[in-house]
Structure formats: structure tokens, C-alpha cells
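There are 2 protein chains.
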Amino acid sequence: MNNTLEFREGDLIRIRLPSGEVLEGIVMPATEFSSRDVIIIKLENGYNVGICIKDAKIEVVKRAIVEVGREAPMERTVIKGKGSHKILFLSTGGTIMSRVEYETGAVRPAINATELAEMVPNIDEMVSEIHLIEMYRLLSENLTPREWSNIALNVGNAFRDGFDAVIVAHGTDTMAYTAAAVAFAVRNAPGPTIFVGAQRSSDRPSTDAVLNLRASLITACKAPFAESVVAMHGTTSDTYVLIHRGVKVRKMHSSRRDAFQSVNDYPLAKVTFPKGEFKLLNKRYIPREGDRSKLVLRPEFSDKVFLLKMFPGMPCDIIDYLIDRGYKAIVIEGTGLGHIRDPCIKSIKRAIEEGLVVVMTTQTLFGRINMKVYTTGRKLIKAGVLSADDMLPEVAYVKLSWLVGNYGSDAEKIKELFTSNLVNEINPIHDHRLYPRWYHGD
Amino acid sequence: MNNTLEFREGDLIRIRLPSGEVLEGIVMPATEFSSRDVIIIKLENGYNVGICIKDAKIEVVKRAIVEVGREAPMERTVIKGKGSHKILFLSTGGTIMSRVEYETGAVRPAINATELAEMVPNIDEMVSEIHLIEMYRLLSENLTPREWSNIALNVGNAFRDGFDAVIVAHGTDTMAYTAAAVAFAVRNAPGPTIFVGAQRSSDRPSTDAVLNLRASLITACKAPFAESVVAMHGTTSDTYVLIHRGVKVRKMHSSRRDAFQSVNDYPLAKVTFPKGEFKLLNKRYIPREGDRSKLVLRPEFSDKVFLLKMFPGMPCDIIDYLIDRGYKAIVIEGTGLGHIRDPCIKSIKRAIEEGLVVVMTTQTLFGRINMKVYTTGRKLIKAGVLSADDMLPEVAYVKLSWLVGNYGSDAEKIKELFTSNLVNEINPIHDHRLYPRWYHGD
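Top line first, the protein sequences correspond to chains C and E.
Counting in this note's numbering, the first sequence runs from 4 upward without gaps.
Counting in this note's numbering, the second sequence runs from 4 upward without gaps.
Since the hints were made in silico from the structure, they are not lab data.
There's no promise every hint is true.
Note: identical chains are not told apart, hence a pair may lie in one copy or across any two.
[Unchecked claim] Cut-off 20 Å, straight-line C-alpha distance, at most; resulting in silico cross-link-like pairs (SDA-like, lysine to any residue):
hint : residue 1 : residue 2
1    : K352      : G329
2    : K57       : D127
3    : K57       : Y324
4    : K57       : I321
5    : K85       : D127
6    : K57       : D327
7    : K297      : L284
8    : K375      : N145
9    : K85       : I384
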């Protein structure tokens with residue numbers, strides 16, 4: 004098992020070297036001198052040293068949790084109004100919060116609290132308070148389960164502290180993953196968590212940031228649901244913004260403003276413009292919970308889960324590699340109804356025998372897993388592979404990361420919860436309109 | 004570097020053991036006793052022996068190519084008619100060729116030549132000859148680049164031998180991959196290669212096999228193009244079958260009959276029913292080549308290419324593992340416009356320095372790669388990562404497997420050809436109707 008899976012940048016760790024020497028320090032960012040065996044830590048005396056961790060024993064003394072408003076309060080801007088909703092606005096980075104020149108080391112938020120307020124007419128009539136906090140300045144491809152934990156922690160704490168809704172500004176690349184993460188980690192909330200982003204930065208005339216932000220604020224105040232959702236353009240024009248369920252949404256286009264689409268489910272709502280009307284589209288949702296004490300916050304996520312896409316001729320030894328590297332769970336993105344090439348079933352059997360949880364999703368994205376139809380699927384069921392039903396591969400990955408993070412030692416509990424429908428990540432009814440319509444030249 | 008990547012079941016190999024001893028034999032299927040280090044070979048004297056290949060040197064003496072109608076002629080059924088088209092029908096297995104009880108060891112073709120002929124009214128007026136050959140009985144998840152080679156070889160040889168079109172019956176799970184493989188391997192053909200499958204087996208009342216087969220035969224006779232295409236239902240009813248370009252099609256649903264859809268391009272044609280009319284939908288195509296001697300057949304594919312899907316927190320050491328295992332190329336299925344988490348760029352740099360070809364595709368599927376917009380993309384370009392433009396991740400994988408198979412030692416040639424538009428795998432013009440329309444509850 005490799006140490007690098009155990010700790011992360013910012014953690015305070017204790018290293019016991021093979022010589023018996025013990026060192027304690029904070030893990031620094033990797034540099035050109037780092038490798039799988041060498042890490043840089045900052046010692047208590049302030050010096051940074053490179054340590055060879057081969058054959059060393061490492062324990063994490065203190066995790067680098069960025070907890071807004073608790074142990075390490077972050078700077079916040081507060082806008083007050085005459086309305087009744089108290090909203091937290093967490094900024095994590097991404098196009099929505101950046102200028103066109105989005106360069107390393109020069110990432111600056113383009114939107115401040117005042118600008119945000121100006122984007123929504125009559126905002127002061129809607130809200131009692133908006134607290135604006137800059138939590139990260141990250142391109143979303145750089146978020147990991149660690150940042151999911153921190154974001155979920157802050158969302159959960161905000162609800163406990165009396166906020167009615169949370170808006171999270173986020174890069175679009177992995178926004179759907181983080182929205183799913185919060186859906187699993189923060190439950191029985193008094194209001195929705197709304198992820199909002201932009202496909203064009205906010206200083207461009209064509210930006211979608213303004214409308215998406217307005218829709219997120221309107222949703223924060225008017226939604227009857229308390230789910231983790233994504234608010235992004237529903238069309239390429241400025242006609243409406245869709246509010247997608249976080250566990251059923253996917254970025255489906257690299258550049259269009261309506262890149263986000265619900266898969267295997269309908270969006271929860273839409274906000275139409277210019278009027279800013281909130282319209283519910285889906286009756287199946289988790290309602291707002293009036294009693295804040297019922298909130299359940301489980302913000303742990305594991306980075307010992309792997310999402311493996313199957314392709315013709317995929318080498319089976321990759322599965323053995325993941326077992327040997329100490330992974331706890333594997334999400335297979337199989338073909339069709341949930342298949343993988345036959346020679347790999349042997350390695351999958353070994354994984355399950357060694358205690359890993361293995362689940363099957365499909366690279367078709369649309370439709371359900373059904374491993375009972377063909378020989379390959381039946382062999383996989385026999386080996387102990389779980390069906391992800393109609394969950395997206397990405398959502399199955401987030402769900403397993405959350406399950407391993409919170410129930411790591413209890414494989415039976417993980418299996419039971421994985422196949423349960425926790426936050427509408429499984430849609431029991433698919434009607435024909437769920438499958439999008441392709442233009443076939445008529 | 005691991006030996007198991009170098010040879011496959013059926014190959015005649017020569018093993019030089021560390022002791023100096025040399026053995027020659029045919030690689031047998033893996034058994035419960037096989038492992039990464041132990042393989043079973045059949046010696047010339049007929050005995051099967053397990054050999055420990057750790058630290059052994061292995062060379063392939065003769066590849067196990069299944070060449071229809073050449074060295075090892077396969078049994079074929081021939082139907083003659085009064086028409087003018089000579090068609091080869093290659094069966095590889097899958098739902099279309101099977102009965103409902105699709106069990107291990109009991110896979111039997113459900114369609115014979117006579118039944119096939121009966122499915123198309125007036126078939127004898129369309130064709131001069133149809134040759135029906137059963138090449139494999141494989142579930143398509145079990146096909147590998149090796150089988151792509153064999154199929155491409157047979158398609159190419161058929162065209163050289165005077166056939167005007169080839170129909171390939173194929174399981175749907177990986178049909179799009181194989182269709183793309185033939186598109187790259189067989190060029191300047193006198194006619195189309197049409198992959199056809201079924202989402203419901205042919206002895207069910209709801210089968211789509213009959214209509215898809217009829218459409219494939221009509222396309223074989225009437226299409227003005229000579230591309231490798233997929234013929235599958237365009238709707239859930241029996242109104243028309245779409246003819247998709249093999250390098251632009253994807254199985255997008257696990258069970259629907261209209262699971263196959265063109266992505267980032269329009270279908271080439273449709274065949275409407277009940278009349279069986281052929282209608283061209285796309286003017287951009289490769290026309291039939293009149294001169295058979297111009298056919299170019301390059302049927303080699305490499306299994307040293309890996310398709311790696313990026314996810315938040317993906318461990319970067321997986322890239323180092325692929326380098327160390329002797330892979331020649333990696334297709335990254337990144338996020339958005341073509342991104343991967345920053346810490347992995349170091350491993351990607353190493354891969355490129357060690358001679359691997361690394362290309363970027365997007366998990367959004369729709370849209371293009373553009374690595375010039377954000378910092379991460381620019382770092383990737385600087386590291387030498389190639390853009391797959393609007394190619395599907397699966398097509399980029401097939402294209403690289405083909406390039407490495409045919410130009411393995413020439414990385415510059417591979418890079419030049421990968422970024423060239425060889426068989427319309429890149430669509431230079433996207434209009435807004437290419438993106439499918441989701442139902443948003445209106």
C-alpha cells in the first residue's frame with residue numbers, strides 16, 4: 004500500500020523513518036523534486052525539508068480542513084436586505100468567478116459582493132442577508148474528494164448556523180461531481196444547495212454568469228426542495244435556466260451554454276427570463292426540512308475509489324494494480340447493459356475476494372444496468388459485482404467515495420447503501436421523453 | 004515491460020528462458036492456473052505445458068490471423084440472384100445472430116442464409132451473390148484489437164476479391180469501436196462496410212434485427228458512399244433505420260432500439276420503411292472507388308494503447324504505471340475543453356519524454372477540445388499533448404491503436420496522422436442542431 008493515498012497537502016503528519024527517527028510537519032505542495040517516494044514537509048521550526056518516505060510509517064496528526072466560520076473563520080462580505088432568506092454564497096473558483104485572463108497565479112475573482120447584488124433586481128426584497136465567502140480559487144479539474152469534504156462541511160455548518168440556502172460558485176468541468184458529493188454528504192437540510200457556474204467568463208458580453216446567478220438566487224428563495232442542484236442555462240439563448248438534480252446531471256458539451264443536462268431524470272425546475280419566474284418541473288424531490296436539528300452531515304470522502312472505463316482489449320492487470328495499491332472500491336464504466344470483457348472477470352473476482360466493492364455502470368450513460376440478460380452479466384453478478392441501476396458512472400463514483408469515506412471498514416453496509424436509493428440518484432421510472440431527440444435531417 | 008502485451012491466444016511464440024532453454028508453441032487460452040507470469044502453450048508434440056515467463060524473452064513467430072477465404076478458407080453459404088451486387092455477409096456474433104438463451108458454450112446463430120434472404124423482399128433482384136460466413140461467435144464486449152485486425156483483413160480481402168459491399172453482423176456493445184477500426188484500416192474501397200446489430204434478439208416479436216438487416220442490404224446496394232457505417236434503428240418504432248458514420252457514432256442507451264446516435268456529425272443516410280427507400284442525409288462522405296487496385300489495407304492494431312477517463316482526484320501514478328508497462332499511447336478522456344488535474348501533468352510530461360503519444364478527448368462527448376482557453380490546457384499543449392478535436396474518446400482510442408499498430412516506431416508520423424482528418428473522424432463544422440434536444444417539461 005502506498006503512503007501517498009493517506010495524506011494530502013496541508014495535513015500535519017508524523018513520519019517514523021526506518022531508522023527510528025520521528026519527524027512531524029505539514030505536507031507542502033509537490034515540486035519538481037518530489038516523487039512517489041519523496042515529499043516536502045514544513046517542520047515546526049519553519050524549515051521545508053524533503054523526506055524519503057520509502058518504508059516509512061506515516062500517520063496523519065491533523066487534517067487540513069478548511070472550515071468556514073468555525074476554527075479558521077474566513078473573510079466574509081455581508082449584504083443585508085428586507086427579505087426573509089439568509090443565504091451563504093461560497094465561491095470555489097472557475098470561469099464564473101474569473102476574468103478572461105485566467106492564468107496561473109493570477110486568478111482573481113471578477114465578481115464581488117456588490118456586483119453580485121447588482122445582478123439581481125430587488126435582491127434586497129428577497130433576502131435578509133447574503134454572506135459572500137471566497138473559499139477556493141480553483142479550476143474545477145483540480146478539485147478532489149478532499150475539497151468535496153470541505154465544501155460539504157461548510158454547507159452543512161451553514162445550515163446549522165441558520166442559513167436557508169447555500170449557493171456554490173464552481174468551475175463547470177467537475178461541477179456535477181461536487182454537486183453529487185454534497186447531495187450525499189448533507190441530508191435533511193432546511194434548504195437547497197445550488198451550484199452555479201458559467202461557460203463564458205463574466206466580463207464577456209456573451210456571459211451566461213449573470214442569468215445563472217440570478218436563477219440560483221431565485222431558486223435559493225423559492226424552491227420547495229432541499230436538494231443539491233445545478234443551475235445552468237437550459238438553452239443557448241437567455242430564455243431559461245434549468246435547475247438540475249445534482250445526482251442526475253452531467254456536463255454534456257465542452258463549450259455550449261446549455262452544456263448541463265439531466266440524464267435519466269427530468270430537471271427539478273426552471274427559472275424563466277426576463278421575468279425570473281420559478282417553475283417546478285419534477286414532483287419527485289426532497290422537501291425542505293423545517294427542523295434544523297434533523298440535519299445529518301457526513302462530509303467524509305475517500306480517495307481510494309477508482310472509476311475505470313472499459314474499452315475493447317482493456318488489460319485486466321489494471322484491476323490487479325488497483326487491488327495491490329490499496330483501493331477500496333472500483334466503479335466500472337462497462338458497455339451496454341453492464342458488461343466487461345470476459346478475461347477480466349477473474350481479476351474482478353479477486354478484487355471482491357480481497358474485500359473491494361465493485362460496481363457496474365454503463366458508458367452509454369442513458370438507460371439502466373441489467374446484468375441478468377447476457378452470460379457476461381450473469382457471471383459478473385455471480386462474482387459479486389453490484390448494479391448501479393441508472394446511476395451515471397460519475398455519480399456512482401462519488402457515491403462510493405462517500406460510502407468508503409464514511410463506512411470504510413464495513414463492506415456489507417457499503418453494499419447495502421450503494422444499492423439503496425438515498426437521494427433520488429436512482430430514478431425508478433423512465434419514460435420515453437427522457438432520451439433526448441437527435442436531429443436526423445428532416 | 005510485460006510480455007503479456009506482446010502476444011495473444013493462438014499465436015505461435017518462441018520463448019527463451021533465463022536458463023537458455025528455447026521452447027516453441029501456440030499460446031492457449033488462459034486457465035485458472037494462468038497468471039501474469041505463467042502461460043499455457045501447446046508444444047509441437049501436442050502437449051500443453053505451463054511456462055513461467057518471468058524474465059523470459061519472447062518473440063512471436065506467427066500471428067494467429069483468421070483470414071477468411073485465403074490461407075484457411077471458412078465454410079460459406081452462397082445465395083445467387085439476378086441483381087448486380089456481390090455482397091459478403093460476415094457474422095461475428097452478438098444478439099442479432101443469437102437466440103434468447105444466450106448462454107456460455109451454447110451460442111448458436113439464429114439466422115441462416117435462407118432466413119436472411121427471406122427478410123428482404125426481392126433480394127434476388129438486388130444482388131448477384133451473397134456469401135454468408137460465420138467468422139466468430141463472440142459477445143462484442145470480448146472483441147479486442149486482435150479481432151478488429153482479422154475483421155478488417157477480411158473486409159479488405161473481400162473488396163479485392165470482387166465484392167461490392169460487406170455487411171458485418173456484430174454485438175452492439177462495442178460495434179461502434181469495430182466500425183471505427185474498419186474505417187481506418189480499409190481505405191479507398193469500392194463500397195461500404197455496414198455494421199448491423201440488434202437490441203432485441205431475432206426470435207422475439209419486438210426484434211429490431213429484421214429491419215436493421217433489410218436496411219443494411221439496401222445500403223449495400225444503393226449507398227453512394229464507401230465508408231464503414233452502422234445501420235441501426237433511428238426511432239423506437241419501425242419507421243426508419245439510420246446509417247451512421249462509423250467514426251462518429253456511439254451507443255448512447257443501454258436498451259433502446261434507437262440506442263445508436265451520431266455525435267458531432269449527422270448520420271450519412273436513412274432507410275425508411277415500409278417502402279425501403281434510401282435517403283442521403285449528409286453530403287460529406289467518401290465516395291465509392293471504382294478502381295479496386297487503389298484499395299489500401301492496413302489491418303494492424305496495437306493493444307498498447309490505453310483509454311483513461313479522468314475523474315476528480317484521479318491518482319497520477321496510474322500514468323506512470325502505463326509508462327512502466329510499455330504502453331505506446333494514452334487517450335485521456337478529460338473534462339470540459341480538455342483538462343486533467345494539474346498534479347498529473349508531471350506524469351504526462353514523463354510519458355511524452357519517454358516517447359508515448361498522449362492525446363486529449365472530452366468526457367462531455369459533444370463539442371470540441373480547445374486547450375488554448377485555460378491555464379491547464381495551455382500547460383498540456385506545452386507538455387506535448389495532442390488535441391483530438393471533436394473525435395469521440397472511443398474513436399481517438401481506435402485511431403491511436405491503428406496508428407501504433409501500423410507506424411509503431413515512428414512517433415512523429417503517428418502525431419502527424421493523429422491530428423489529420425483521415426476518414427471524416429473530425430467534423431470541421433458544427434451547427435446548433437448537432438446537439439440533441441432534451442425534453443425540459445414544456
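Which of the listed hints are broken here?
-> Of the numbered hints given earlier, those the structure breaks are 2, 7 and 9, listed in rising order.
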